[in-house]
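Asks: Spelled out from the first residue to the last, the chains are:
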Amino acid sequence: MSMKISSRQVDGVTILDLGGRITLGEGSVQLRDSVRDLLAKGQKKILLNLGEVNYIDSSGIGELVSAYTTVRNQGGELKLLNLTRKVHDLLQITKLYTVFDVKDDEASAIAAYSRA
Amino acid sequence: MQVFGAAKYLPQRSKVMQSLDIFRSSKQTSPTGKLPVKKLHDGSEGQDLTDQRRITYTLDSSLDSVNKVEETAEQMARKAGVDEDEIFRISMAVREAAVNAVLHGNAYDPDKHMTASFEFTGSSLVIRICDEGKGLDPATLPDPLAPENLLRGSGRGIFLIRSFMDEVHFRQLHPGTELTLIKHLGTAPTGA
Numbered sequence: 001m002s003m004k005i006s007s008r009q010v011d012g013v014t015i016l017d018l019g020g021r022i023t024l025g026e027g028s029v030q031l032r033d034s035v036r037d038l039l040a041k042g043q044k045k046i047l048l049n050l051g052e053v054n055y056i057d058s059s060g061i062g063e064l065v066s067a068y069t070t071v072r073n074q075g076g077e078l079k080l081l082n083l084t085r086k087v088h089d090l091l092q093i094t095k096l097y098t099v100f101d102v103k104d105d106e107a108s109a110i111a112a113y114s115r116a
Numbered sequence: 001m002q003v004f005g006a007a008k009y010l011p012q013r014s015k016v017m018q019s020l021d022i023f024r025s026s027k028q029t030s031p032t033g034k035l036p037v038k039k040l041h042d043g044s045e046g047q048d049l050t051d052q053r054r055i056t057y058t059l060d061s062s063l064d065s066v067n068k069v070e071e072t073a074e075q076m077a078r079k080a081g082v083d084e085d086e087i088f089r090i091s092m093a094v095r096e097a098a099v100n101a102v103l104h105g106n107a108y109d110p111d112k113h114m115t116a117s118f119e120f121t122g123s124s125l126v127i128r129i130c131d132e133g134k135g136l137d138p139a140t141l142p143d144p145l146a147p148e149n150l151l152r153g154s155g156r157g158i159f160l161i162r163s164f165m166d167e168v169h170f171r172q173l174h175p176g177t178e179l180t181l182i183k184h185l186g187t188a189p190t191g192a
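Protein chains in written order, with this note's numbering: chain H, 1 to 116; chain B, 1 to 192.
Since the hints were derived computationally from the structure, they do not count as laboratory data.
To be clear about the criterion: a stretch of chain H counts as covered by chain B if any three or more of its residues have a C-beta under 8 Å from a C-beta of chain B, and this derived list gives those stretches:
{"hint": "1", "region": "65-79"}
{"hint": "2", "region": "83-94"}
Derived Cβ-Cβ restraints for the label pairs, each shown as a range:
{"hint": "3", "chain 1": "B", "residue 1": "Ser123", "chain 2": "H", "residue 2": "Ala111", "range": "45 to 55 Å"}
{"hint": "4", "chain 1": "B", "residue 1": "Asn149", "chain 2": "H", "residue 2": "Ser2", "range": "27 to 37 Å"}
{"hint": "5", "chain 1": "H", "residue 1": "Lys41", "chain 2": "B", "residue 2": "Gly81", "range": "46 to 56 Å"}
{"hint": "6", "chain 1": "B", "residue 1": "Gly135", "chain 2": "H", "residue 2": "Ala107", "range": "51 to 61 Å"}
{"hint": "7", "chain 1": "H", "residue 1": "Asp105", "chain 2": "B", "residue 2": "Arg78", "range": "30 to 40 Å"}
{"hint": "8", "chain 1": "B", "residue 1": "Lys134", "chain 2": "H", "residue 2": "Asp101", "range": "35 to 45 Å"}
Sample of chain H residues lacking proximity to chain B, with all beta carbon distances greater than 10 Å (derived):
{"hint": "9", "residue": "Lys4"}
{"hint": "10", "residue": "Ser6"}
{"hint": "11", "residue": "Ile15"}
{"hint": "12", "residue": "Gly19"}
{"hint": "13", "residue": "Leu38"}
{"hint": "14", "residue": "Ala40"}
{"hint": "15", "residue": "Glu52"}
{"hint": "16", "residue": "Val102"}
{"hint": "17", "residue": "Lys103"}
{"hint": "18", "residue": "Asp104"}
{"hint": "19", "residue": "Ala111"}
From the three backbone atoms N, C-alpha and C, an ideal C-beta is built for every residue, glycine too.
With the sequences and hints as input, model every part of the structure.
Replies: Quick look at the structure:
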């Protein structure tokens, strides 16, 4: 039921591979803490790989938005990768799909980060 | 151990009424240390709850209760014969309603309960979620699609409920709020 999360580095971008459920409570808290930890370490290019996320509720959607704004406010970039159909549809319904920079290919996602 | 009776919360108009109303609760520590979580034992483990036309739970104000309500909605939607996408929409809408009741309504107050009833009329699924909070006026909720609200970290639950269900009704209780979610089914499933 809970969310799984792991991180890896590719060309200066931190990829968080998420799986399971991002919901009120544990999933949302894990995501928030992970993004905060990365920012605290100065890692501001963050790619959230949601390919294994099979469920997200309104709290999880809110957490994605908060992560996006938090990273942006600190001068970083947060992008989304590999949306499942359910997550894609939810972002469409909530008009957030065009807010996020959504990618479906890891290599092109990495290449899309600024090289400053 | 506390024993809670659901019967006092049930609407009187339903003739087909079965309730699973005995719950034994014991407190557990939240994994995050931030939210109260209670373990529920309702005596229903191993039963096919969807064989009943109406089920009512009276539950603690906890995330376990939210998960139980969501799972029951999924079971009933599956039994009603709707497709996987519709099962997802129904169970998510019900989850959002339960989160509202537990988080915004009862504010995780251990002395307050959420009542959830699931009714399968043969042509519709009717789910009622009640809390004992201070009440909710849906007219006061900000539009989450408005540009100024788009980047807010919360406020999308009721919007998603309305998006996924055919009818959504609010009723003020004293105290609390009753949220009725209705999904109309195309045809009456066999045996309904």
